[in-house]
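Chain F is already provided as a structure; the job is to place chain S on it using the hints.
Those protein sequences? They're chains F and S, same order as listed. Each residue of the first sequence is one higher than the last, beginning at 0 in numbering that gives the first Met the number 0. Each residue of the second sequence is one higher than the last, beginning at 0 in numbering that gives the first Met the number 0.
Keep in mind that the hints were calculated from the coordinates and are not lab data. Quantities reported herein were computed from a predicted structural model and do not represent experimental measurements. Careful: at least some of the hints might be erroneous.
Any copy will do: because identical chains look the same in the list, a pair fits if it lies in one copy or spans two.
As the list claims (entries may be wrong) - Within a straight-line C-alpha distance of at most 25 Å, the following computed PhoX-like cross-link-like pairs (lysine-lysine) qualify:
no.: 1; residue 1: K428; residue 2: K147
no.: 2; residue 1: K298; residue 2: K501
no.: 3; residue 1: K497; residue 2: K228
no.: 4; residue 1: K225; residue 2: K469
2 protein chains.
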Amino acid sequence: MQMIVYVFIFVDLALALFEDPAVIPMPIWGTSLVEMICLIVFTARLFHYAKVIPRIRFWKDPKNICIIVIILVRLSLIDIIIYGSLKSTGYNAVRWSRVLRPLLLVNVTEGRQLRRAFRSIRNALPQILYVFFLFMFSMLLFSLMALKLFGKRNLFTVDGEPYFTNFLDIVFDLYVLVTTANSPDVMMPAYNYNSFFALFFILYILINTYIFMSVFLAVVYNNYKKHLKEEVRQLVKSKRQKMLRAFAVLQQPGSGEELVVSQENWNQLVHLVQPDISNAHRELLWSISDDCNKSHIGKLAFVQLPDLLNIQVITMKSRPHPLHIWFPLLYDSSVSRLSENAVVFYRAFVYIYDLIILVNAIFIGLDEENPLIAYAEWAFLALYLLEILLKLYTWEPRAFFAKHQFWNWFDSVIIVAALVGAIVNLCIKSSDGYTSRQILDIVLILRVLRLIRVVDSIKRFRTIINTLIKIGPTILTFGQLILVVYYIFAMVGMELFKEKVKYLEADSTDPYKDSCGTPLLRGTTFAKNNYCKNNFNNVVSSFILLLELTVVNQWHDILSASAVSHVSARLFFVFFHIVVVIIIINIFVAFILEAFFVEYTVEKSDLQTSLEKKIEELELSVDKYKQLSCPFFCLRAQQSVHGFKAVWLYNNLFHLFFSGYKTVDGLLQRMFEADLSLEDADDMDDPNFSNITFDSV
Amino acid sequence: MQMIVYVFIFVDLALALFEDPAVIPMPIWGTSLVEMICLIVFTARLFHYAKVIPRIRFWKDPKNICIIVIILVRLSLIDIIIYGSLKSTGYNAVRWSRVLRPLLLVNVTEGRQLRRAFRSIRNALPQILYVFFLFMFSMLLFSLMALKLFGKRNLFTVDGEPYFTNFLDIVFDLYVLVTTANSPDVMMPAYNYNSFFALFFILYILINTYIFMSVFLAVVYNNYKKHLKEEVRQLVKSKRQKMLRAFAVLQQPGSGEELVVSQENWNQLVHLVQPDISNAHRELLWSISDDCNKSHIGKLAFVQLPDLLNIQVITMKSRPHPLHIWFPLLYDSSVSRLSENAVVFYRAFVYIYDLIILVNAIFIGLDEENPLIAYAEWAFLALYLLEILLKLYTWEPRAFFAKHQFWNWFDSVIIVAALVGAIVNLCIKSSDGYTSRQILDIVLILRVLRLIRVVDSIKRFRTIINTLIKIGPTILTFGQLILVVYYIFAMVGMELFKEKVKYLEADSTDPYKDSCGTPLLRGTTFAKNNYCKNNFNNVVSSFILLLELTVVNQWHDILSASAVSHVSARLFFVFFHIVVVIIIINIFVAFILEAFFVEYTVEKSDLQTSLEKKIEELELSVDKYKQLSCPFFCLRAQQSVHGFKAVWLYNNLFHLFFSGYKTVDGLLQRMFEADLSLEDADDMDDPNFSNITFDSV
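Isolated chain F, as found in the complex (with noise of 0.2 Å):
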């Protein structure tokens, strides 16, 4: 169900690659009638979840009247009417309803982190607003200086316009200097008539462009962290209360006068929340919810069962090498031994492929046509599949290709599709004696990737990595906030700037193919520039527009040419500046930094030590076991994954592995543990459990 609302707003929103004005043209029956589809689709989708959940709930919640609202308006039709009969007239018709679109994907349910992105912006927007009447007073203050200063002095720009004469003008020019895209430009008149007048610019950069940009930083990653934390608050919160009524469904009369759970409906209840839980995992976990062998638990050990489930332990089924079952002889042969202890698993064997690795960059950097480097290639290809076959013969190929084992998958992928690349690429060169560019283009990017391993095996970069894969998922979600942000604004921009700028190639007969087809831009900075395809003339071209806006570089260019009407174009950047850079990027960056400093700062709760002594425990007890007798291949598992703590359950044929947590939403909840942990002891509804809570912290 999830998958197939997701499909059609990705339809819905990929409309606009067919809509005029379109990257491939379709007739607007076509687009109206896929539109009308989508809607109906959302429609049902919205009925059948208003049966599911109470009337008032659905009544309350805004995202409901959000969708309704937007789908009454999209059907309504009046705006495809209006467009429609106004094209068939010939007169310029504009489309707003398409803005709407993507806030479809903000309010559907399962757009939950997006929402709660959204939310966070909303409610850190009245800080962030005060700063800002700041920051343009300070500005304006600046341009009246400025023309104050210069106004008078008929200087003059570059281009012969004269020089800080129209406030307007002022103001503009240095909102795009706190942006530094205009960086010495609009310093060098005043800086060339007086050398002084360069201390108005400094003082300037320094106050807007640092001071202030800092402050929106810091205001904007105070505000994301406070909302983040009460929505982690409330999270936890309703979570220990469900545990509660959970306690009083379960509980039955204890030793004492205290009321327990029992191991087997704890079982149970653990059976039911978490169906492919291993047996092994499910003792570890009840033996440190059970410290004292009681074989019964209290309210306090059993609330703490979500926040077990939450730390990801790695459960890893230790089998015998399939080699060792087909061939024991041959597989465990003096000789075989040999060969896993001296070259797969020490360090020689990983320095000496990473040394393969450069010299293979090397190679990749050399002209690819000569023939000598393309034999070389098919040696390096060799070597990698060695590799890996060696791995594979030492590990036992379901650990190898277990899913947390990001790098053998990496490495596996990566090679198997190079050397299936050059064969395609080979075929098709031997029997036309031509070579497809784009599959040669694909080759060449697989084995420039290949190189990335080497990051791997130095322990450093290996922690930077490991954080930014964390952060992914997140990042994803940016993705998502961008998407619809970018989405309004290329829907916005085509209706006012489509068509003002012409991408004409090179055998274009057009007069003005020198200045992107319009005689306006004759020789500017964009025409000189070859900015031409920077234009609002399709969705791909707008995203890729809006995207170098983001960067800032070059915008007042770009914009002002692109959009040729100057004071429309202006507005629509500064309104793009504010609500994508100084905002959603900012967002972006706080999120970074909170990920590094837990990374780096924060220490393991409570359960997380107890979690892991009792694995230490557990494998110093095995430790002693295996040097009686242990088979090689539980030594091989045990090296296979590195960066983690591993357990050799000798008795259960079981691997443990810890590491960290398993959902962004845990993360975060180990950050604000500290703080609320205490508050929430004062919060608790049962006066008796408040107690035990604060005792434990």
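Only chain S this time, still in chain F's reference frame:
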């Protein structure tokens, strides 16, 4: 003594203005003589310092060794002699010892804050380097990919040069792209060829510009904070140990078993430590330390003393207004009282003047040569003067111009300066019939600065501004840091690139006037944009050029042209970018972030709370009294200081205002107090004391 050392360091650094390449040329024997004198002063200072402190500590301190080496190198004259002799024989000589000059500023005993900043950078360096290597690695991979993808496609840049064919050029272009300085340009040839290639650049910008730059900020921020915390911890620890030793000296047996310090001794100590403390302030502090009125305090309360003294309590003597003394009848008349109550104190007065300022802003925007506007300006000046006089009429002058009354000072200085400027301008104009541009500039700037006043009447703006004012001293430390780094880079840049580019006045007859005096730059963007003044021909223009490089936009144009020689210029900039933009600017951003977080989140300490409570208690008792009979000037003084809590101690005519911390160290200590208190309790030498601290936490 301190002042003298600073003056000579300043003179030493300022020598760069007079040495070749000079702003104001001076003969070589002149600058050498001044340099000699400076060096002799530094040596004398060092001898003096060596006599005062123990010999072992002197030789253990790396900064002393550093100073000795610098002075020896520079005193040996080798540098000057080689330079002079080579110069006289016509060779191009390099004076490399000038690079050492700013290091003296760092190593002088007084530069503690600056040294701390350098130490924190040094400690953060390994972490930064790891991220930097990873960043370089990612950049090299992308460059390799770009070479493979675009190198064989026969694309050309706007200048007609082959696009992405040389690996090292690609690396440099992509490094520039990280700084966003060549943002769309570097992409355009590939994008024009095929829209899909935009993906390559989008991915590159996302990873290297957004993610890696944020990671740099995170690493710098985190290390900076960690290091600062450790330094503050050491400071707090040594402070407490010193206080314990002081207690051991002053202690005497108390009522029970515990040892105490009597009020008499405590008073003496406070008088010794802070001779200018007011009696009211001292009594307030004592009443907080001695909670139970026992007229002696225990160890714990004694140790608090430095923290108590660190909390800023503004003491204001409440004197009767001079007019009240001189013309009591007139000043106390009912008309006079009406004016006080109805005009100056109430909101209406503030609103009216805000409105006047806004109208004034519009008038400033208009043409000042119009006689009507010029007359209006006199009217505004009169209005502002009237405001200050009215305020002085109602407030006691010494209270109005107290040290902490920032805005009163600001207003008065600006208005009086504007008045003086306007009168001088009028005199010159009426005598010569000619307006001096310089004086007019100053008058105009003062007029605009007057508008800043509006900010103070909006509460939200005031808090932001107050935070910025508070971090002012630390921004000065960063200013010194930047000065040191800029100076070194300017010296190196001047030796490498001087006279490569010349700025020629409009009336010059040089054949290459339009291309900055060199045929190499004919037709380049650099020459076309009038960038000729961006050169390394003297210290001032070098500093401004370095500032432009810090802002980063257009730097590749600026640098490649102003240096003309390519490779050294590239290395120069990359190094400059790493040091200034990646490290120092990030520390600057980190500090502003931290300051705002403290402002937003850190709660008051126990001591602060008890101090405030005490002040409030006193105020409560006064409030009752005030209703009986409060002289009018008490009401006045209380309302004069907004933002602070005012206390009226009627019996001794003192006002106490509570307002945050005195020093940056105090603020820092508060920031980390929560984390420090427990650790310190464990570290304490005295076991009894450790318990006491722990209880109090």
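Cross-check of the supplied hints:
no.: 1; hint: K428 to K147; result: between (70 Å within a copy, 18 Å between copies)
no.: 2; hint: K298 to K501; result: neither (71 Å within a copy, 82 Å between copies)
no.: 3; hint: K497 to K228; result: neither (44 Å within a copy, 55 Å between copies)
no.: 4; hint: K225 to K469; result: both (22 Å within a copy, 23 Å between copies)
Figure legend: structure checked against the earlier numbered hints; hints not met, in rising order: 2, 3.
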